[in-house]
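S.K.: Now for the letters of each chain:
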Amino acid sequence: ETGVTQSPTHLIKTRGQQVTLRCSSQSGHNTVSWYQQALGQGPQFIFQYYREEENGRGNFPPRFSGLQFPNYSSELNVNALELDDSALYLCATGSLETQYFGPGTRLLVL
Amino acid sequence: GQQVMQIPQYQHVQEGEDFTTYCNSSTTLSNIQWYKQRPGGHPVFLIQLVKSGEVKKQKRLTFQFGEAKKNSSLHITATQTTDVGTYFCALRAGGTSYGKLTFGQGTILTVHP
Numbered sequence: 001e002t003g004v005t006q007s008p009t010h011l012i013k014t015r016g017q018q019v020t021l022r023c024s025s026q027s028g029h030n031t032v033s034w035y036q037q038a039l040g041q042g043p044q045f046i047f048q049y050y051r052e053e054e055n056g057r058g059n060f061p062p063r064f065s066g067l068q069f070p071n072y073s074s075e076l077n078v079n080a081l082e083l084d085d086s087a088l089y090l091c092a093t094g095s096l097e098t099q100y101f102g103p104g105t106r107l108l109v110l
Numbered sequence: 001g002q003q004v005m006q007i008p009q010y011q012h013v014q015e016g017e018d019f020t021t022y023c024n025s026s027t028t029l030s031n032i033q034w035y036k037q038r039p040g041g042h043p044v045f046l047i048q049l050v051k052s053g054e055v056k057k058q059k060r061l062t063f064q065f066g067e068a069k070k071n072s073s074l075h076i077t078a079t080q081t082t083d084v085g086t087y088f089c090a091l092r093a094g095g096t097s098y099g100k101l102t103f104g105q106g107t108i109l110t111v112h113p
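Those protein sequences? They're chains A and B, same order as listed.
So for the first sequence, this note's numbering puts the first residue at 1; every next one is plus one.
So for the second sequence, this note's numbering puts the first residue at 1; every next one is plus one.
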């Protein structure tokens with residue numbers, strides 16, 4: 001494992017609010033990807049950042065945005081939260097051979 | 001984009017029985033990865049297969065990639081309670097988009113002691 005960490009571990013927000021989730025890794029890989037995993041579902045790809053630029057997006061609206069910093073840490077921002085945004089949010093980093101996932105942030109939108 | 005269908009959705013076994021999950025596609029796949037997610041946990045990488053007919057083993061786990069590269073399987077011999085979890089297959093995108101994984105629906109494995 002490459003020490004992928006995420007914060008916070010749990011978060012409760014209300015509909016319409018904004019949230020920022022964070023991800024960091026000790027590995028130094030130059031990509032970071034974010035996934036949304038609803039209860040009982042497989043992870044759904046939100047987007048990937050490669051060398052600080054968004055490099056591919058899944059079927060998610062623009063209110064999902066992100067940043068990757070020079071130290072390869074990353075943020076996922078979600079604006080105008082909706083009830084359906086309640087999920088486990090995972091970040092991942094790695095290479096062509098493998099991806100290492102962080103423990104995730106569990107977001108509940110009320 | 002490419003998608004994979006994973007079956008079965010659920011599998012309940014007695015400890016010591018074997019378990020197999022299958023991942024199928026209608027199109028040729030360039031690669032397939034397998035992940036395990038324990039209850040309350042996050043996906044953990046198990047293996048990547050890229051070659052036609054490839055077979056890889058990890059202790060009691062055997063991974064296969066079909067000759068036509070349209071299907072893959074994960075077989076666990078003599079399951080243990082530590083094998084409990086959801087097993088996902090996933091397709092990795094190419095080029096610099098290798099962080100984009102498309103996951104199957106997963107197979108939830110329950111092992112009864």
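A hint or two may mislead.
[Unchecked claim] Partial pick of chain B residues on the chain A-facing surface, computed with a CB cut under 10 angstroms:
#1 T28
#2 Y35
#3 A90
#4 R92
#5 G94
#6 F103
#7 H112
[Unchecked claim] Chain A residues, not near chain B, derived (Cβ > 12 angstroms throughout):
#8 S7
#9 I12
#10 Q17
#11 R22
#12 Q37
#13 Q44
#14 G56
#15 P61
#16 L81
#17 L83
#18 D84
#19 E97
#20 L108
#21 V109
[What the hints assert, rightly or not] Examples of chain B residues lying across from chain A (beta carbon under 7 angstroms, computed):
#22 G95
#23 T96
#24 Q105
No wet-lab data here; the hints were simulated from the structure.
All C-beta atoms in this analysis are idealised placements derived from N, C-alpha and C, irrespective of residue type, glycine included.
S.K.: Give a verdict on every hint.
M.R.: Hints, verified against the model:
no.: 1; hint: T28; verdict: 19 angstroms, violated
no.: 2; hint: Y35; verdict: 8 angstroms, holds
no.: 3; hint: A90; verdict: 8 angstroms, holds
no.: 4; hint: R92; verdict: 7 angstroms, holds
no.: 5; hint: G94; verdict: 9 angstroms, holds
no.: 6; hint: F103; verdict: 4 angstroms, holds
no.: 7; hint: H112; verdict: 21 angstroms, violated
no.: 8; hint: S7; verdict: 14 angstroms, holds
no.: 9; hint: I12; verdict: 18 angstroms, holds
no.: 10; hint: Q17; verdict: 25 angstroms, holds
no.: 11; hint: R22; verdict: 15 angstroms, holds
no.: 12; hint: Q37; verdict: 9 angstroms, violated
no.: 13; hint: Q44; verdict: 8 angstroms, violated
no.: 14; hint: G56; verdict: 5 angstroms, violated
no.: 15; hint: P61; verdict: 18 angstroms, holds
no.: 16; hint: L81; verdict: 22 angstroms, holds
no.: 17; hint: L83; verdict: 22 angstroms, holds
no.: 18; hint: D84; verdict: 19 angstroms, holds
no.: 19; hint: E97; verdict: 6 angstroms, violated
no.: 20; hint: L108; verdict: 15 angstroms, holds
no.: 21; hint: V109; verdict: 20 angstroms, holds
no.: 22; hint: G95; verdict: 9 angstroms, violated
no.: 23; hint: T96; verdict: 5 angstroms, holds
no.: 24; hint: Q105; verdict: 6 angstroms, holds
Hint compliance for this structure: hints 1, 7, 12, 13, 14, 19 and 22 are broken, all remaining hints hold.
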